[in-house]
Amino acid sequence: MTYFTKRYHPPGTAPGALTTAEAIPAGPLTLRLIDYGATEYAEKENLTFEECLPYLAHPTMTWIHVQGSAPPDLLRQVGAAFGLHPLALEDVLNSGQRPKTESYDGQLFVVMSLPVRRNGSIATEQVSMFMGGNFLVSFHEGGEDPFEPVRKRLRNHAGHIREAGPDHLLYALMDVIIDRGFPILEEVGEWIEDLEEDLLGKPSKNTLHAIHNIKRELLLLRRMLWPQREVLNSLLRGDHALIHDITKTYLRDCYDHTIQVMDLLETYRDIMTSMLDVYLSSVSMRLNDVMRVLTVIATLFIPPTFIVGVYGMNFDHATSPWNMPELEWKYGYLFVWMIIIGMMGGMLVYFKRKKWF
Amino acid sequence: MTYFTKRYHPPGTAPGALTTAEAIPAGPLTLRLIDYGATEYAEKENLTFEECLPYLAHPTMTWIHVQGSAPPDLLRQVGAAFGLHPLALEDVLNSGQRPKTESYDGQLFVVMSLPVRRNGSIATEQVSMFMGGNFLVSFHEGGEDPFEPVRKRLRNHAGHIREAGPDHLLYALMDVIIDRGFPILEEVGEWIEDLEEDLLGKPSKNTLHAIHNIKRELLLLRRMLWPQREVLNSLLRGDHALIHDITKTYLRDCYDHTIQVMDLLETYRDIMTSMLDVYLSSVSMRLNDVMRVLTVIATLFIPPTFIVGVYGMNFDHATSPWNMPELEWKYGYLFVWMIIIGMMGGMLVYFKRKKWF
Amino acid sequence: MTYFTKRYHPPGTAPGALTTAEAIPAGPLTLRLIDYGATEYAEKENLTFEECLPYLAHPTMTWIHVQGSAPPDLLRQVGAAFGLHPLALEDVLNSGQRPKTESYDGQLFVVMSLPVRRNGSIATEQVSMFMGGNFLVSFHEGGEDPFEPVRKRLRNHAGHIREAGPDHLLYALMDVIIDRGFPILEEVGEWIEDLEEDLLGKPSKNTLHAIHNIKRELLLLRRMLWPQREVLNSLLRGDHALIHDITKTYLRDCYDHTIQVMDLLETYRDIMTSMLDVYLSSVSMRLNDVMRVLTVIATLFIPPTFIVGVYGMNFDHATSPWNMPELEWKYGYLFVWMIIIGMMGGMLVYFKRKKWF
Amino acid sequence: MTYFTKRYHPPGTAPGALTTAEAIPAGPLTLRLIDYGATEYAEKENLTFEECLPYLAHPTMTWIHVQGSAPPDLLRQVGAAFGLHPLALEDVLNSGQRPKTESYDGQLFVVMSLPVRRNGSIATEQVSMFMGGNFLVSFHEGGEDPFEPVRKRLRNHAGHIREAGPDHLLYALMDVIIDRGFPILEEVGEWIEDLEEDLLGKPSKNTLHAIHNIKRELLLLRRMLWPQREVLNSLLRGDHALIHDITKTYLRDCYDHTIQVMDLLETYRDIMTSMLDVYLSSVSMRLNDVMRVLTVIATLFIPPTFIVGVYGMNFDHATSPWNMPELEWKYGYLFVWMIIIGMMGGMLVYFKRKKWF
Amino acid sequence: MTYFTKRYHPPGTAPGALTTAEAIPAGPLTLRLIDYGATEYAEKENLTFEECLPYLAHPTMTWIHVQGSAPPDLLRQVGAAFGLHPLALEDVLNSGQRPKTESYDGQLFVVMSLPVRRNGSIATEQVSMFMGGNFLVSFHEGGEDPFEPVRKRLRNHAGHIREAGPDHLLYALMDVIIDRGFPILEEVGEWIEDLEEDLLGKPSKNTLHAIHNIKRELLLLRRMLWPQREVLNSLLRGDHALIHDITKTYLRDCYDHTIQVMDLLETYRDIMTSMLDVYLSSVSMRLNDVMRVLTVIATLFIPPTFIVGVYGMNFDHATSPWNMPELEWKYGYLFVWMIIIGMMGGMLVYFKRKKWF
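Each protein sequence line maps, in turn, to chains A, B, C, D and E. Sequential numbering of the first sequence, starting at 1, is according to the working numbering. Sequential numbering of the second sequence, starting at 1, is according to the working numbering. Sequential numbering of the third sequence, starting at 1, is according to the working numbering. Sequential numbering of the fourth sequence, starting at 1, is according to the working numbering. Sequential numbering of the fifth sequence, starting at 1, is according to the working numbering.
It is worth saying that the hints were derived from the structure and are not from the lab. Please note: incorrect hints may appear among the correct ones.
Just so you know, same-sequence chains aren't split out, so a pair can sit in one copy or run between any two.
[What the hints assert, rightly or not] Derived lysine-lysine pairs resembling DSS-like cross-links, with alpha carbons at most 30 angstroms apart:
#1 Lys330 - Lys354
#2 Lys205 - Lys352
#3 Lys44 - Lys152
#4 Lys330 - Lys152
#5 Lys354 - Lys202
#6 Lys352 - Lys248
#7 Lys202 - Lys352
#8 Lys6 - Lys100
Take the sequences, apply the hints, and build the full model.
Following this line, the structure appears as structure tokens:
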């Protein structure tokens, strides 16, 4: 588990310098270009940025998607071609950003967090999007491209996505990112149900760590998803010339989904807190059971053991008539047993009354 | 217990596509139509949507209530007939929505949560309502129709519900939904009173799980009812042409009831938290009692057992005069008993002073 | 303890129908009428509402106070005579309302919560007040009439209460209701001081339940008093024609008192939470003490008991020279005692170092 | 410890009646008058209010400070001389008020809380101030006069306090009151540091009660200091004709100090909460240690004690060859010791593996 | 650990008096002056303030940085030369201020908190900055100068920092201060990861104190960093003539970083709270394990010890036929063993069923 997942430049670096405190892993990098309009459609994959440039001159809508960790050089090229702000490019490079939206003249920059399942736990991956009058550039630093369904809708001319402007494409991408939260939270809901059964049965140390893990995952997820509310609010309420009113109806739907995801996160978190309390109480309860058994056994047998010890002492009746006269009685032995059984019986009655078993 | 109760479409689906990630259970489906005005009144049950269409042409008020899970086809039909927004239809299909209100031109879409008792626990069922100038379409995905009392009032011409417009009908339905919270919270209040008696008596593991269960139910209920406050606020403050000022007085009453329900929920939740603490303390207290008994018994008898063990050793006075001379004393045995009784008495005084019993 | 104290009509009842889900207890009912002006003064008690009607025609100020549970019929009569809104009458009937203020044209409706001591615990009773241009009708569902001091001031012509309008009378009644919180909180303060002494001394199970009870009472009281802040705010900030500026100065004083009551409630609640933690820690600490005593005794005596047991075995030195040669030594017995005393001494040093006593 | 420190009049008393529910203690009472301007300066002590009256006629600034509990008669005199509002006078009498500011025409009334150290704990004392065009009357119900440094500055003509108006004097007094919080919080900080050392060493019951006490003091202090923020805000933002812009710069400094005091209070409170958790955990940890020792000793010696008990039974080998043949073996005794040592060794290995020591 | 780190003047001191309650440590003090424009550049170190004065007359931008605790005399000189407000100078002297911004005419005063690592824990150091039309004076009370990277950028003419005005320099300094939070939080993140491993392994008392320490550090850090949000907000939203719009784009980036730092702090704090709960549960769980072993051993061996004690009693079969006839049986000894083994076996089955091992 790593808690600090943000990349940052060394303090004091000039703004927009596109340097990081740690080296960026050189992973696979894919560029996908789709150039479309109501009637035209062109799709290219695995091309270099230079090969994209001719498409930008067309009046048709151009969507470039960069899948993988973009190196500073590529960012500089893209920045130069579209006239992007260096601070925004820095935010693409230094991934682990808080979701936010920034508007520069004629452009909109949006950072979102895509929740993903990775090695059995939940992580978030940064998606950065630049939108202009007739282009959208998206960067996703992660292994798997989440936007295939959108490409399919573009390809199949499904709905009016091909007729609508770049704002509708932006909406479509954001919708994918936000809706990805549902299957993940559904899975978390199942984890919690399993945990609850464990709690009702025999809670172990693993239950405890599972509760802590889920709580932590929810905390980290919440940190990365919470600001998306503000992003959508800002797009809905702000006066971005690029966002048309018709798209706002759709964005409001996105906003609702964000709220639902946050609602669920918060409810889950409250339930985990309650479960931790139940766990703690269960452990105390079990300790109680264990101690009750010990106490019953010990109090039943320790006093009789003392009694029989007395008659094991080597005081000889022959030496002094005061020495354990019971040894000489005919029913002395039975008398001792009576005492012992009487003590034990009394104890049992006492425990019964205390409702110890 | 299922925590994730929302239905959702697969991420990336086109908006308004009316598809879900899981199949919708094909349950019984009932359409009820009431066409009414100050003087006219017609009521039909179990008819198909096609049969409803003629009534829509009348200038009278038409209320269609769909009871059960509406299949996508029916939704598409209804949407086409009334010109409803596809995103709103999607929200009807993907039940488990957060209560909300959305206004499209000339129409109002309201989603509410109806709290119901199901298999001994509390659940919420989605009620979706579309309101236009002279119609109201309501969908309730659940077994039992909660709106019979409203139909009765319409039938009996009780109050001025027949003279008033669709906004008053909307109010009447919302009032039923919100007021359903009171009997349910009354029942929860009784559960809590029972639990409290358990706590004062002998709290068991079941008490613990009952506390956790009630807390969880309250959390889930709160999540689904909280947004109704906003819904009413938006209807009261918003400038919906369809909501008349006279209806707002009534909606304000609904708003008050929502607040009262939330107040109670919060208070119950705080009480449950306090009860969990009391439970934990009770368990610790009981452990204390158990341990005190063990300690008293053990400390009373363990040292004397050692003493009698000493005189059980096979050191023979004959071998050495140093070997346990007490064995030869006349009152040696009594002397040993004196020591034992003295030790026990000292212990008892010590425990008394420590207020252990 | 009953948690759900609100009366409500069955869900789906027509608004203003003045019916309740449960029967209203028929308790004693008193009407008190005071008709006053700067110079006139008339006071009547135990009269029927019909007998009040003539006074309403006078231009002088008329105050009718209904003490006890008003039956629906009386409410209907009062409503008809003053032209009160049916929803407001419903709120008078369905007691247990949240404090609120509602303004209908030319009238003001105020619901307040009067904190009272009942059977050793704290409860709240609803006071509902209707104010018009020259009348004020107040309903108090409870046993004891709290407004006697106000009547005395009216009778004695104390201050300018007789010259001032109905808003000043409303202020005087609200002031009584709010100030009733101080003696009750003073008493709660004393309970807490007593509890704190218990905590410092020997906390018992009763301490625990007392803490829980006070916490719960504070929670329930807070729920009923908190909204009074809003009521006063609304009277102060709202543009009610009936509330004059000079009265607002006095209402601001009321507002301050409400805040002080809430402040105290919150502080008490925080202190109770802290006390519960202290209680839990005390119990653990005591368990620690108990266990330390047990451990010291057991570890001091269990090993020596083993030693003396060894010499109690029936191995005979005569059978084999390996069998316990110490039995034949001259100082064998003393040697065994040395070992035992050495072990115990070592243990004591160890415990001393661990600071166990 | 008394939790309820507010004085109040009996509910239903006429507003401004200057009566209290309990008698006001007749303590020492001192009036100090300073009459000053840029060039004039007169200071009088221990004079009656009648002797102050001539100074009020001068156009110079007059500051009257009343130290001690002012009796209702004095308040009435002062009220009459300056035309003060009876509700404000009531607030001076009923000390324990929440800090607040109230503006009547041409006058400003400010209530502040002065934190003081009293009998080893922290208390707050009410300071009430009336300010008009050329006068300021201050009341401090407490033993020690905190305003000596201000008088010194006036006497020595330090800064421009003599040239400035009454608002600067008000600022100077408020500054003293607020800054008194710093030395007190510094002391609390030292208490916390001491407590933390205790926690790291050997936490005792006293540590627990010290934590609870500090928490409670912080809670009570917070309740009385928190509203000072609002007081300063209202003076800064409000449009009081008496507060000049130049004074606002100084009041903003006061505001900063108030925030710093509150910040510290909140941080301390969070730290105390964390320390209570640490305390609870420490106690559990110590119990663990104690129990581990007990368990190790008991499990090491109880089974061997059983073994040696076996060979102490009076079964005679002579009676039956099945009776303990080891007693007749040559190395039987050593064999028994081997078994015992083996058992103990096995246990030790087991405990070692469980990391119990 | 010292909790109270603010320096303050004695209550009642005249405003701007530049005196402190405690002596200021006379540490090393360095003045660094940079005088720059697009084309000019002069850098001086270790000069006195008198030597700085000639540079101030130039129209070029002058940056004076004072490293170390500035004595009151120096502050008075600087204040006189630039016309700074005495209250602001007081805030420089009384370090430990809350971050804030204050605007006097033609000047801007900003206080920031620089997080640093000191003796293994985290502290904050105050940085105070005065900005005017063509100068910036910065004070940093601490050992190490954090602004070397900015000087380097100025020297190397990196970016447009030399062309931009004093507001860009202010931004550059604030950026350094805020970004210093990232490496520190990264380190805290590693501490937490280490702690979590400890928790999963064998949590000890040190784990507990480490958790408490990190929580406390986060609390103190939060207190000093939280207000930086407001500082940036005020610079961004306020109408400071000295802050140009182009700089605001950069300051918005700073604001984002502040939010990210606070987000991380809050998340860490929530995780620490959860870890404390897990710790407490782990300790209880371990206690459970220990007690289970003790209980199993004790209950297995205590009853048999009693049995063998019985047969060690000196009742002689010869005295009475009732005395332990088993001693005379041929298989008596085996019979006793059977009983013992039977008891132990029964116990083991019982424990197995209770799932104790």
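Each hint, compared with the structure:
1. Lys330 - Lys354: neither (38 angstroms within a copy, 44 angstroms between copies)
2. Lys205 - Lys352: between (32 angstroms within a copy, 19 angstroms between copies)
3. Lys44 - Lys152: Close inside one copy (14 angstroms), not across copies (45 angstroms); limit 30 angstroms.
4. Lys330 - Lys152: neither (102 angstroms within a copy, 92 angstroms between copies)
5. Lys354 - Lys202: both (26 angstroms within a copy, 10 angstroms between copies)
6. Lys352 - Lys248: Classified as neither: same-chain Cα gap 70 angstroms, cross-chain 64 angstroms, threshold 30 angstroms.
7. Lys202 - Lys352: Both. Shortest intra-copy (26 angstroms) and inter-copy (13 angstroms) distances satisfy the 30 angstroms Cα cut-off.
8. Lys6 - Lys100: both (15 angstroms within a copy, 27 angstroms between copies)
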